[in-house]
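In order, the protein sequences belong to chains Y and R. The first sequence runs 21 to 130 under this note's numbering. The second sequence runs -11 to 106 under this note's numbering.
Some clues are possibly wrong.
Said to hold, decoys possible - Below 30 Å or equal to it, Euclidean Cα-Cα: the simulated DSSO-like pairs (lysine-lysine) are:
| # | chain 1 | residue 1 | chain 2 | residue 2 |
| --- | --- | --- | --- | --- |
| 1 | R | Lys59 | Y | Lys76 |
| 2 | R | Lys45 | Y | Lys62 |
| 3 | Y | Lys117 | Y | Lys62 |
| 4 | R | Lys45 | R | Lys(-1) |
| 5 | Y | Lys76 | Y | Lys129 |
| 6 | R | Lys(-1) | Y | Lys87 |
| 7 | R | Lys(-1) | Y | Lys129 |
| 8 | Y | Lys87 | Y | Lys76 |
| 9 | Y | Lys87 | Y | Lys117 |
| 10 | R | Lys59 | Y | Lys87 |
| 11 | R | Lys59 | R | Lys45 |
| 12 | R | Lys59 | R | Lys(-1) |
| 13 | Y | Lys129 | R | Lys2 |
| 14 | Y | Lys76 | Y | Lys117 |
| 15 | R | Lys2 | Y | Lys87 |
| 16 | R | Lys45 | R | Lys2 |
| 17 | R | Lys45 | Y | Lys129 |
| 18 | Y | Lys129 | Y | Lys117 |
| 19 | Y | Lys62 | Y | Lys129 |
None of these hints come from the bench; they were simulated from the model. As the structure is a computational prediction, the values presented were derived from the model and not from experiment.
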Amino acid sequence: QKEVEQNSGPLSVPEGAIASLNCTYSDRGSQSFFWYRQYSGKSPELIMSIYSNGDKEDGRFTAQLNKASQYVSLLIRDSQPSDSATYLCAVNGGGFKTIFGAGTRLFVKA
Amino acid sequence: DTGVSQDPRHKITKRGQNVTFRCDPISEHNRLYWYRQTLGQGPEFLTYFQNEAQLEKSRLLSDRFSAERPKGSFSTLEIQRTEQGDSAMYLCASSFTRTGTGSSYEQYFGPGTRLTVT
């Protein structure tokens, strides 16, 4: 079992819709959770971090965490073509090592 | 620009040659990480420095790989006797220790060095 699992996609949504990206993790002791956006050929960019159960909103982005279910998600409201990228889920268990998922490719159709 | 910088951005080398990459972290960041990323995969942890101390090195990293961070500032990653399987994007990231908060693990990536071994 992979430590951080994501659906590889592609996830295709029309412009203006809500994109929902999901991630599950195996280490129940994980404490810090991150979403990175990565455009093709570029490096990952941190867009959201979440540390406690519930929702955290930042602009069009909402991160949701459910530690009991070992599940973290990212919602993108009013999706734009510029949101088309790979979204990486990353999980840290409190030490130095952050584990990244393989990413979900999102395609927003104009 | 006060972000993480990496040099070179691209490197093409022949199999068997040695290569060295440099990373300059965000100035106040005391933690520095190296990752390797191949197509369709997430970044894979290679090694970690806190200040000048290398605290962990991935078991996946062979003896051909070595990293240094003299004086706790910039870092170098050297690959000796390169193999075609070393072709990948090598990413450097940095973070700042904030006691008692998960934000210590918020990592900021440099642009990466794309290595092609022919």
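Hint check:
For the proposed pair lysine 59/R and lysine 76/Y, the alpha carbon gap of about 38 Å is over 30 Å, so the pair is violated. Taken as a hint, the lysine 45/R and lysine 62/Y pair is honoured in the structure, with Cα atoms around 25 Å apart against an allowance of 30 Å. Between lysine 117/Y and lysine 62/Y the CA atoms are separated by roughly 22 Å; this keeps the pair inside 30 Å, and the hint holds. Distance check on the hinted pair: lysine 45/R and lysine -1/R sit about 23 Å apart at the alpha-carbon level, within 30 Å; holds.
The hinted pair formed by lysine 76/Y and lysine 129/Y meets the criterion: a straight-line CA distance of about 26 Å does not exceed 30 Å. Simply put, lysine -1/R and lysine 87/Y have alpha-carbon atoms about 42 Å apart, too far for the 30 Å limit, and the pair is violated. Of the pairs offered as hints, the one joining lysine -1/R and lysine 129/Y is violated, with about 35 Å between alpha carbons and a cut-off of 30 Å exceeded. Between lysine 87/Y and lysine 76/Y the CA atoms are separated by roughly 14 Å; this keeps the pair inside 30 Å, and the hint holds.
With a C-alpha separation of about 19 Å, the suggested pairing of lysine 87/Y with lysine 117/Y holds against the 30 Å cut-off. Restraint check for lysine 59/R and lysine 87/Y: the C-alpha separation of about 39 Å exceeds 30 Å, so the hint is violated. About 19 Å separates the Cα atoms of lysine 59/R and lysine 45/R, which keeps this hinted pair within 30 Å; it holds. With a C-alpha separation of about 26 Å, the suggested pair lysine 59/R and lysine -1/R falls inside the 30 Å cut-off, and the hint holds.
With a C-alpha separation of about 41 Å, the suggested pairing of lysine 129/Y with lysine 2/R is violated against the 30 Å cut-off. With a C-alpha separation of about 23 Å, the suggested pair lysine 76/Y and lysine 117/Y falls inside the 30 Å cut-off, and the hint holds. At roughly 47 Å between alpha-carbon atoms, lysine 2/R and lysine 87/Y are farther apart than 30 Å, so this suggested pair is violated. Of the pairs offered as hints, the one joining lysine 45/R and lysine 2/R holds, with about 26 Å between alpha carbons and a cut-off of 30 Å not exceeded.
Taking the CA atoms of lysine 45/R and lysine 129/Y, the gap is near 42 Å; set against the 30 Å cutoff, the hint is violated. Taking the CA atoms of lysine 129/Y and lysine 117/Y, the gap is near 36 Å; set against the 30 Å cutoff, the hint is violated. For the hint pairing lysine 62/Y with lysine 129/Y, the CA-to-CA distance comes to about 21 Å; that is within 30 Å, so the pair holds.
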